[in-house]
Amino acid sequence: SQKIEQNSEALNIQEGKTATLTCNYTNYSPAYLQWYRQDPGRGPVFLLLIRENEKEKRKERLKVTFDTTLKQSLFHITASQPADSATYLCALDIKAAGNKLTFGGGTRVLVKP
Amino acid sequence: KAGVTQTPRYLIKTRGQQVTLSCSPISGHRSVSWYQQTPGQGLQFLFEYFSETQRNKGNFPGRFSGRQFSNSRSEMNVSTLELGDSALYLCASSLDSPSNQPQHFGDGTRLSIL
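Protein chains in written order, with the working numbering: chain A, 41 to 153; chain B, 452 to 565.
For the record, the hints were derived by calculation from the structure and aren't laboratory data. Treat the numbers as computed from the prediction; the structure is a model and nothing was measured. The reader is advised that the hints may include incorrect statements.
Pulled a few chain A residues facing chain B out of the computed Cβ check, cut under 8 Å [unchecked claim]:
#, residue
1, S69
2, Y72
3, P80
4, R82
5, F143
Partial chain A-side listing against chain B, Cβ under 10 Å, derived [stated by the list, open to error]:
#, residue
6, P70
7, Y76
8, Q78
9, G81
10, F86
11, L89
12, A119
13, P122
14, A123
15, I134
16, L141
17, T142
From the derived model, a few chain B residues whose C-beta atoms are all more than 12 Å from chain A [claimed, not checked]:
#, residue
18, R460
19, L462
20, K464
21, Q468
22, S484
23, G493
24, Q495
25, R514
26, R518
27, G535
28, L539
29, S548
30, P553
31, L565
Yeah, the Cβ is synthetic: ideal placement off N, Cα and C, and Gly gets one too.
All chains, please: the whole structure from these sequences, using the hints.
Next up, the structure:
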């Protein structure tokens, strides 16, 4: 069956360090992969979208990589700040299911000052 | 530009009742998707509407239904509520296909079933 896996354990990181989150998938061949941030009691907020033919994408302190051979995306937050503390979700399109977006379980990040 | 608006923000119902949730997308967005979020199952896709037509559907029972109006506003309805329907219901809008475009989410409706 199709599966998207994100580390369910919270990631505790010191301010100023780089946080790296993983998103692994099986039995998919997604054309697009998206990353979202969600704060408690709020809806997810879009961060980055990367296409299957793109290896890397950056936006300010954020960087996403997409390795279709390893079936993995890495999400990096450089020079992390306490305000980056949130849950981060990856989402993939499933072509076989009419291109609906499927989300991983999310990884909670806690940046300590 | 106003964001996605969901009403109501909180709702308490009892088993067996039905409920209607509303979503106003960003102006100009024609695609509206609905999701259910629970601590155990995460964010799960319910259905997507585009130009008043259901374009995609998740694996939820027929008690969950939706519709979209000509102004792109959308509603979802859950009938014969069960305790397990307690969740945060989120809607998201985009210009077109949710798979290749950023989804703009509302802050959801928190539904509690007693």
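Against the structure, the hints:
{"no.": "1", "hint": "S69", "in the structure": "13 Å, violated"}
{"no.": "2", "hint": "Y72", "in the structure": "5 Å, holds"}
{"no.": "3", "hint": "P80", "in the structure": "11 Å, violated"}
{"no.": "4", "hint": "R82", "in the structure": "5 Å, holds"}
{"no.": "5", "hint": "F143", "in the structure": "4 Å, holds"}
{"no.": "6", "hint": "P70", "in the structure": "8 Å, holds"}
{"no.": "7", "hint": "Y76", "in the structure": "8 Å, holds"}
{"no.": "8", "hint": "Q78", "in the structure": "8 Å, holds"}
{"no.": "9", "hint": "G81", "in the structure": "7 Å, holds"}
{"no.": "10", "hint": "F86", "in the structure": "4 Å, holds"}
{"no.": "11", "hint": "L89", "in the structure": "6 Å, holds"}
{"no.": "12", "hint": "A119", "in the structure": "24 Å, violated"}
{"no.": "13", "hint": "P122", "in the structure": "22 Å, violated"}
{"no.": "14", "hint": "A123", "in the structure": "19 Å, violated"}
{"no.": "15", "hint": "I134", "in the structure": "8 Å, holds"}
{"no.": "16", "hint": "L141", "in the structure": "5 Å, holds"}
{"no.": "17", "hint": "T142", "in the structure": "7 Å, holds"}
{"no.": "18", "hint": "R460", "in the structure": "10 Å, violated"}
{"no.": "19", "hint": "L462", "in the structure": "15 Å, holds"}
{"no.": "20", "hint": "K464", "in the structure": "20 Å, holds"}
{"no.": "21", "hint": "Q468", "in the structure": "24 Å, holds"}
{"no.": "22", "hint": "S484", "in the structure": "7 Å, violated"}
{"no.": "23", "hint": "G493", "in the structure": "5 Å, violated"}
{"no.": "24", "hint": "Q495", "in the structure": "8 Å, violated"}
{"no.": "25", "hint": "R514", "in the structure": "20 Å, holds"}
{"no.": "26", "hint": "R518", "in the structure": "18 Å, holds"}
{"no.": "27", "hint": "G535", "in the structure": "18 Å, holds"}
{"no.": "28", "hint": "L539", "in the structure": "8 Å, violated"}
{"no.": "29", "hint": "S548", "in the structure": "6 Å, violated"}
{"no.": "30", "hint": "P553", "in the structure": "4 Å, violated"}
{"no.": "31", "hint": "L565", "in the structure": "20 Å, holds"}
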